[in-house]
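Same order as they appear, the protein sequences are chains D and U. At position 238 of the first sequence (counting the first as 1) the number is 241 in the numbering used here, and the numbers step up by one without a gap. At position 12 of the second sequence (counting the first as 1) the number is 22 in the numbering used here, and the numbers step up by one without a gap.
These are calculated hints, taken from the structure and not from any lab test. For every residue, glycine included, the Cβ atom is placed at its ideal position computed from N, Cα and C. Treat the hints with care, as some may be off.
Interface residues of chain D toward chain U, partial, derived using beta-carbon atoms under 8 Å [as the list claims (entries may be wrong)]:
hint, residue
1, Gly-172
2, Ser-174
3, Thr-176
4, Gln-180
5, Arg-227
In silico lysine-lysine, PhoX-like type, Cα no more than 20 Å apart, as pairs [stated by the list, open to error]:
hint, chain 1, residue 1, chain 2, residue 2
6, U, Lys-579, U, Lys-310
7, U, Lys-470, U, Lys-493
8, U, Lys-285, D, Lys-261
9, U, Lys-314, U, Lys-177
10, U, Lys-452, U, Lys-493
11, U, Lys-348, D, Lys-261
12, U, Lys-399, U, Lys-493
13, U, Lys-353, U, Lys-260
14, U, Lys-177, D, Lys-71
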Amino acid sequence: MATQVAKRVNRGKRIVSHIGLGQMIAKDWKRNKYVYLMLLPVIIYYLVFHYGPMYGVIIAFQDYSITKGVWGSPWIGLENFQQFFSGFHFSRTVINTLAINVIDLLFGFPAPIVLALLINEIHLNPFKRLVQTITYMPHFVSVVVVVGILVDFLARDGVINNVLVVILGISPTAFLQQPEWFRWLFVGSGVWQHIGWGSIIYLAAISAIDPEQYEAAMLDGASRFQQIRHVTLPGIMPTIIILLILRVGNMMTVGYEKILLMYNPMTYETADVISTYVYRQGILQADYSFSAAVGLFNSVINFGLLIFANWFSRRVSETSLW
Amino acid sequence: MNRKITRREFLRYAGLAAGATVLASCGAPPQAPPTQAPPLATAPGAAATQVPTKAAATVPPATQVPAGPEPLTLPIVKQPMTLTYWVETNPNVAAVAKNYNEILCYQELEKRTGIRLDFQQSPVGQGLETFNLMIASQRYPDMIEFGFGGRAGGASTPPGGPAKYLKDGVILRLNDLIDKYAPNFKKVMADHPDWRKQIITDEGDIYGFPFIRGDPFLLTYTGPILRGDWLEKLGLKVPTTLDEWYTVLKAFKEKDPNGNGKADEIPFTPFQNPKYLQGVRGAAAFIGAWGMQVEFYQDKGVVKHGALQPGFKDFLKLFAQWYKEGLIDPDFVTYDRKMLDAKVTGDQLGSLIGNAGSAIGNYMGLMAEKNPKFKLIGAPYPVLKAGQKPTIGQQDFEFQGQVTAISTANKRVVESIKYLDYAYSPEGTMLFNFGVEGVSYKMVDGYPKYTDLVMRSPDKLPVAQAMCKYFRSSFNGPFIQDKRYMEQYYELPEQRDAVKNWVVEKNDTWLPAVTVTQDESKKFATISNDVTTRMDEAIAKIIVGQQSVDSWDQVVQQLRQMGIEDAVKIQQGALDRYNKR
Chain D
4 MATQVAKRVN RGKRIVSHIG LGQMIAKDWK RNKYVYLMLL PVIIYYLVFH
54 YGPMYGVIIA FQDYSITKGV WGSPWIGLEN FQQFFSGFHF SRTVINTLAI
104 NVIDLLFGFP APIVLALLIN EIHLNPFKRL VQTITYMPHF VSVVVVVGIL
154 VDFLARDGVI NNVLVVILGI SPTAFLQQPE WFRWLFVGSG VWQHIGWGSI
204 IYLAAISAID PEQYEAAMLD GASRFQQIRH VTLPGIMPTI IILLILRVGN
254 MMTVGYEKIL LMYNPMTYET ADVISTYVYR QGILQADYSF SAAVGLFNSV
304 INFGLLIFAN WFSRRVSETS LW
Chain U
11 MNRKITRREF LRYAGLAAGA TVLASCGAPP QAPPTQAPPL ATAPGAAATQ
61 VPTKAAATVP PATQVPAGPE PLTLPIVKQP MTLTYWVETN PNVAAVAKNY
111 NEILCYQELE KRTGIRLDFQ QSPVGQGLET FNLMIASQRY PDMIEFGFGG
161 RAGGASTPPG GPAKYLKDGV ILRLNDLIDK YAPNFKKVMA DHPDWRKQII
211 TDEGDIYGFP FIRGDPFLLT YTGPILRGDW LEKLGLKVPT TLDEWYTVLK
261 AFKEKDPNGN GKADEIPFTP FQNPKYLQGV RGAAAFIGAW GMQVEFYQDK
311 GVVKHGALQP GFKDFLKLFA QWYKEGLIDP DFVTYDRKML DAKVTGDQLG
361 SLIGNAGSAI GNYMGLMAEK NPKFKLIGAP YPVLKAGQKP TIGQQDFEFQ
411 GQVTAISTAN KRVVESIKYL DYAYSPEGTM LFNFGVEGVS YKMVDGYPKY
461 TDLVMRSPDK LPVAQAMCKY FRSSFNGPFI QDKRYMEQYY ELPEQRDAVK
511 NWVVEKNDTW LPAVTVTQDE SKKFATISND VTTRMDEAIA KIIVGQQSVD
561 SWDQVVQQLR QMGIEDAVKI QQGALDRYNK R
């Protein structure tokens, strides 16, 4: 590679040296090669298990047959996508997916932030640790167990209904059979399960804020609440924005496992999401290329949203993923 | 120069080693090459002589084999041979044996035929995934046992059915080979042309050796079940019409038959694992009174769909009425298997739709100590008017899609055919159904009675699992199931009486395992999926009362928009092809 090494001495000003790309890499390698070597297995892992199999997405454009394999199956172009878009329940599944994600964004996203702010205000250390442990624990419980508990509590003769009947005198409602309740129950139980774990990263960000800023605020006469508003929140804002961008990059995805466990024919109209529709059509009917097509569609939309969110964030604030 | 390795070098080599292990772990999984036993120097002493004739005493004498296929003589091979065999592990077998070779009938088979099977078993419950992986890897074992034939409208095999595997060169077409080398199987098919029709493809190809339930007694095992002790306590007789059912259910609700002073009885639930209406859908209980079923069925060769029939609204009206009066469990839509078990054993549920084995046998066994009066009886399928006889009840076809196929990778096709053919001989049938005489069964007055090793297992195993140690009749395989197995498996008289009540003569509305063509299959699958979703939802809401029965007309409109009539036409084509076989 042709490189020009030129040194310009600019009379007392900074010395600017231009070196070529090749030399820059060689220098970096020489200094950091062990770090790169440590990184190598991870890079290989991603290349082999995540980037490599990407070629398989072409089955979205085929009528994939197990016996013919990827290269032997016939090409059908956009037919899988047409099948998806013209499905009777298509608009319902898309609306439900987006609705659940919007509710989760509005309530589930701020929740760990609020919890982190609150935990940060606890000064009694044993109590602080207790709260943290208790809130972390549900994260490790399997979603099957969580839904099992939910079904039990929300049953006609379950805990919640008993409280409502005895204390408030309302007749029992079968919550899991009412479509109006589904989205709230889905998001609510998710918040309960993951709020503790999600607050960890915010607590870490809060602890990185310079204490001098708090002192300065206190000197200016700020109350606890004003300190949170003007010191803590701006301090963790970059973290919040990054996580928000990543969250927006998931708007078309709702995992099917929890929906499958929680829904039943009475709540299909709000509970049936894209992934459960694909589960029935693509997995149960072994129509793999259909599932691949829908997955591709989802990923493209998610990717688009991610890029948009990042661009927007770059325009509005100084923080962005790239 | 022997200097110590520097820190720098150590890190370099460690890094390379780490990278290498990652690469190595991504290599291809270890293969199981088809094995062949090396020829032994000595003549195999284990080669059995002809099967002792005392086993043949109760079995029809050796029949005249038509000239053509060579008669089957044992042993099949002069030197021991091993063939690979893929099978999906049955959960009951997994409880008692790690490998199918531990089952007594296979050990005996090896002695008699000289051929040993090297089983490649899938993990329990992962049959379809493991099967797909095996097919995709294109490394086929010699024989593959799987539900190639699928089920009518079901989804256990990829679209296109068995013909696809023949065309794609996975398994062999067996017609000529059977003619030459499988006399026993050929005779069975000649004696039962209706069985033969079920096991071939629309083009007439035989794609495997099937599992066949050889007697009508084996084909019916589900039906309406009631608490017999509650009926006796309230002085009611077994209901036969829908009106009588109404009376009985109302009495269950109001007259406190479980005697605890609380009106906590649940008269009825239509749930059968895994769906809330499966009892009605799968067994056509209650809806059969109107001469139809919930989904696809046939009426004298014409395919119909229950949802499009006017009688469907009457069925919905009835169930909605029952629900309103509290005769159906209010939570029936959200049931699962555990809830059902809890409500039965909790002395709350009065009636359900279930199996003679897993419902009657299981629950009565569980409750025997807690409540000796607990009795479950099977009631006949209800009819509309008194005096009518039921025309629809649960009844499987003799063939349900399970076969053992011979793959194109098999280098010992003739021996494989002979081996599989043995199971259809009289001796082979006894071996697969009852095991070895003297060990797992004894002939008592010409009837093969299971010994205590099976029925009262010394390891305290349930009968279903104990059976799996010795023979295969309790789960499917490439042989013909004998009804005498089931007669003994049903230990309680209530079970046998239930089946007698459930058997319906002239039960000919069920659709056999027809195959949809490959081009139609995608369209058919989409329509079926949409239709099922819509129906599940609408039926639930109407029965529960959230929507009126008249809203069903709108639902039918939507089903027509989804293309349900096209689906009916596709099924009609499939049925016509089937009938022409």
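Below or equal to 20 Å on CA atoms is what counts here, so check Lys-452 (chain U) against Lys-493 (chain U). Holds, at roughly 16 Å.
Using Cβ atoms only, decide whether Ser-174 (chain D) comes closer than 8 Å to chain U, and label the hint accordingly. Violated, about 12 Å.
What's the verdict on Lys-177 (chain U) and Lys-71 (chain D), does the C-alpha distance respect the 20 Å limit or exceed it? Satisfied, since the Cα-Cα distance of roughly 11 Å is no more than 20 Å.
Next pair to validate is Lys-353 (chain U) with Lys-260 (chain U); report whether the Cα-Cα distance is within 20 Å. holds, 18 Å
Is the Cα-Cα distance between Lys-348 (chain U) and Lys-261 (chain D) 20 Å or less? Within the cut-off at roughly 19 Å; holds.
Is the straight-line distance between the alpha-carbon of Lys-579 (chain U) and that of Lys-310 (chain U) 20 Å or less? Satisfied, since the Cα-Cα distance of roughly 15 Å is no more than 20 Å.
Hinted pair, alpha-carbon criterion (20 Å max): Lys-399 (chain U), Lys-493 (chain U). Please report holds or violated. violated, 25 Å
Is Lys-285 (chain U) within 20 Å of Lys-261 (chain D), Cα to Cα? holds, 18 Å
Mind checking the CB of Gly-172 (chain D) against every CB in chain U and telling me if the closest is under 8 Å? violated, 20 Å
Sort out whether Lys-493 (chain U) lies within 20 Å of Lys-470 (chain U), counting only the CA atoms. violated, 25 Å
So, Gln-180 (chain D) near chain U? Judge it on the closest CB pair being under 8 Å. Given a least distance of 6 Å, the restraint on Gln-180 (chain D) holds.
Holds or violated: are the alpha carbons of Lys-314 (chain U) and Lys-177 (chain U) at most 20 Å from each other? violated, 31 Å
The structure fails hints 1, 2, 3, 5, 7, 9 and 12 (numbered hints given earlier, in ascending order).
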